[in-house]
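Enquirer: The chain contents come next:
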Amino acid sequence: MYVAAIFLPLIASIVAGLFRHVVGDRGAQIITTLSVFASAAMAVVIFFEVALGKNPVTITLFSWIVSGEFDVSWALKFDTLTAVMVLVVTSVSSMVHLYSWGYMSHDKSIPRFMAYLSLFTFMMLMLVTADNLVQMFFGWEGVGLASYLLIGFWYEKKTANAAAMKAFVVNRVGDFGFALGIFGIFVLFGTVHLDTIFQMAPEYADASVVFFGIEWHAMTIICLLLFVGAMGKSAQLGLHTWLPDAMEGPTPVSALIHAATMVTAGVFMVARMSPLYELAPVALATVAIVGALTAFFAATVGCVQNDIKRIIAYSTCSQLGYMFFAIGVSAYQAAIFHLLTHAFFKALLFLGAGSVIHAMSDEQDIRKMGGIWKHVKLTYAMMWIGSLALAGVPFFAGYYSKDMILESAFAAGGGVGYFAFTLGIAAAFMTAFYSWRLLLLTFHGKPRADEYVMSHIHESPPVMTVPLILLSIGAIFSGWLGYELFVGDADVRSEFWGAAIYLLPGRDTIDAAHHIPTWAVLLPLVVTAAGIALAYVFYVLAPSLPGKLAGAFRPVYLFMLNKWYFDELYDRIFVRPSMALGRALWKGGDGAVIDGVGPDGVAAATRDIARRVGLMQSGLLYHYAFAMIIGVAVFVTWYMINAG
Amino acid sequence: MTALGNIAPAAPEVFMAIAGMALLMIGVFQKGDATKLVGWLAVGVLVVAGFLVLMAAPETVTAFNGQFISDRFAIFAKVLVLGASALSLVLAMVWLAQEDMKRYEFSVLVVFATLGMMMMVSANNLMALYLGLELQSLALYVMAAFKRDSVRSTEAGLKYFVLGSVASGLLLYGASLIYGFSGSTSFPVLAEVLSHGTPTGVIVGLVFVMAGLAFKVSAVPFHMWTPDVYEGAPTPVTAFFAVAPKIAALALFVRVMMGPFADLVDQWQQVIVLIAILSMLVGAFGAILQSNIKRLMAYSSIGHMGFALMGLAAASPNGVRGLLIYLAIYIFMNIGTFAIILSMRQKGRAVEGVADLAGLSRTMPGMATALTIFMFSMAGIPPLAGFFAKFYVFMAAIEAGFFTMAVIGVLSSAVGAYYYLRIVKVMWFDEPVDTFDRPAMTNQVVLWGSAAMMFVLFIWAAPLIAGAQMAALSLFPG
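Residue numbers (this note's numbering), protein chains in the order written: chain G, 1 to 644; chain F, 1 to 478.
Heads up, some of the hints might be wrong.
Stated by the list, open to error - Quick partial rundown of chain G residues pointing at chain F, CB under 10 Å, derived from the structure:
#, residue
1, ILE59
2, SER63
3, TRP64
4, ILE609
Source of the hints: derived by calculation from the structure; they are not laboratory data. Nothing here was measured: the structure is a model prediction, and the numbers come from that model. Quick reminder that beta carbons are idealized off the backbone N, C-alpha and C, glycines included.
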């Protein structure tokens, strides 16, 4: 069953992809969706057996590469961390599969889309069940590939292609770091097998490597390299630029890949490597600082965006920042807890946004929406639930997980902890603000769309709304249900997590987070309320205010609107110089020098040699016999000379 | 002990010999056309022989007064030979039906040729070696000329026969020199004698023997017959030539070099390195200008033999392991490709030009995809099995310190990639001229089975590697 849960989506993907002419649109939908649903059902059982039954298992499928000391098997590792991830991935994925029936109903290549979705699901499952780093890398690259294919799914759209390439290239930077990290681990430990690495980790806690003549702390270097990989995949500050552009893909894709699952792979990976990170305090502090900065940065940008999907995309970026600074203060469980709740409410928000876009005849600009809540009541309610959960309003899922992260950061204390806490609080304020800005602008006020669009507004079909409702259940209850297990009292929590998360003795920040001053507990709530209130003032009571404010602080506004000029900066620093360099090398170096001497020259020489070899083949028997005799004669002579 | 001694280790060979004669009888006495019946029975015989081989005890045992040896290496090579023979016979049956050739002798010849190959693989004496080699060769000469009414086929048969006789002559001469200078033809005795010093005459004899064997694996400079024979012989015969005899001859090559002449490694290594390099280069460059796909495959197989010989040149367990892995993967690449070549028929007539493949991706996307897989695999591009095939021989060569050879190998495989990719280009980017007939079901099964193996052997390589490892180690006592 464990194996079936992982491989069903792959089989479905192959069937839907390669035999699309046989099974047809509906067949592809049924096959992929059924198989993912079956996986989800099995994931529930796995969760009960592995996580709640405290019965972690590793299933070795077969040996893959054996080369000297390098030994890699295909194996599925199931512990609590994996069980949680498998549950999240399959449940969100099954919702998205179902939703796509409706959302993609007008598309002309449905089987291809469904096949990609299932392929992604399989790769993600491969990633989270990996028992060694090479297999994890396989899944890591696999989800990257599926993400690339799905962002560029509408390949006739130029922007979609550009976005797909951007996602691929930016991720490559991260993957390079990840690969180097894996190499580093292999050099240090001589293995890529996770359990072995974790066992050996304490022995190497103080190992060092000499690089550029300077001695470095090996564990820190490895952890930083791995974190670069995580930054790429999880869109952390610096390598985040691909995520908002990735919204060019179909909305179900954004929900599944760019909100709920793939982007959290980085968080998962770092949590998985907790036994190493715990030994590298510098790396942990870096993770916390980068995470906190991302949470803050993305929230500021989210406040001024006008594209409904981009707002949610920046929000995702910001929430991922939360998860990372939680990890940075050793609150791994809180990070994974937030990952879980976030998967539900963010998928809900994205699919809700998709429902809005669907209703508005593919309009995505919230300035052209407004006043539609009466027409799409169900979607409206779902967006409310999603926003409430995102902003962390009490008793919705986000409240439990996000507050736990902020409390952990406060409890961790020290410079890094308070830094993360401060930025986290600021981000929480903005999160509430942009969430309600989105809600108010989209659904309330006067309709700003033209009459044609307004007359076509319709609630989405049940096949789209049912997944919304199911996800909303997760967005409401997952926090409350999971709180005790994931981040509750030390004994319940440690029993639940088993050996999946490793903490240095005395570093249990989550335990400390249960004993912090009341004001720090209440502060997130206060700022959330303030954020909602501010949004209400801006967009309902005094709609002219935002414009005035933007005018008064024009530089600040533009700075935020242009996403802190990251794209422009990268364009200036990396893209243009490399284009110029590339052009110079292409025209001058490659065209003139290398092509002249190399390919063209070598090609000419090759053809010439080929012609000569052909000439030797005269077809005459005595020529052939002669060549053989000469061959023997030459060899014999060679030995005679050598011997003599 | 009876007069024959213990013949149990040779049970598969005995079975094949009896079955081959029985098949001949069935063919003679069957009323009407026996081609199909004898053909499938022959496939059955090969499969049963395969099981007999697999069931044999994996220990090293000898029979026929030490003339015959059975060990893990022999078992591994025999399974490959039998598999290759069976697959190419299946392809040939379709062809016989398509060409309306009612000659059951074809299958009988395959059985006897395969018997010869199995004898070669198990040879433990220069005489047994010659016996197996000639049994194989005589059957192959007839097969090359099998289409008696075709000038090209008879020319191919005659060329192969004359040059093959020259090679046999060289080998025999070498064997007699070795016998003359060492006093024995038995491999273990030779090994014992040669460990106490090497007369020059033995080295000269060894060079002659190597020349004879190099002819059989069509290594440069004893390769000249290959393109002509491959082009002229009927296509299923070419398919057979390209796999089974190559495996048997290389296995024999390994056994002779690693067995009796293990102490002369410094001497023969130089020759093997040289012919490996030359084969890789000729295989790469020779194919570039070919427009006939069978001729192209001839050069391709010369090149592949060069790569496989790299494993022998390394003269280490890892090298032999790499060679065996290479051969196993080589079978599937070649059988798959030939299944496609055999399916290249326009209006009931076989065509064999590279240009005939133009636009195949549009007329027959499935076949084009499969051929693309084989071409990429032959070029050694991951994630296909052909990559591991090259990887393991290169690794062995580098471990043995043959950097020059490895570099030349990499370069010639880059040149080789050119003509493999040219076929891909012709299929996917050129305008279609004419469509092929629908390929026979059997061909499709073989074709897709082989294509699947390209992935299976990449992802699930461990059993193959482990098997090859054990087979290789059985040649290195202690």
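Enquirer: Answer holds if the nearest beta-carbon of chain F is closer than 10 Å to that of TRP64(G); otherwise answer violated.
Expert: holds, 7 Å
Enquirer: Can you verify the interface hint for ILE59(G): is its Cβ closer than 10 Å to any Cβ in chain F?
Expert: violated, 16 Å
Enquirer: Holds or violated: the hint that ILE609(G) contacts chain F, with Cβ atoms closer than 10 Å.
Expert: With Cβ-Cβ at 5 Å, under 10 Å, it holds.
Enquirer: So, SER63(G) near chain F? Judge it on the closest CB pair being under 10 Å.
Expert: holds, 4 Å
Of the hints listed earlier, the one the structure fails to meet is number 1.
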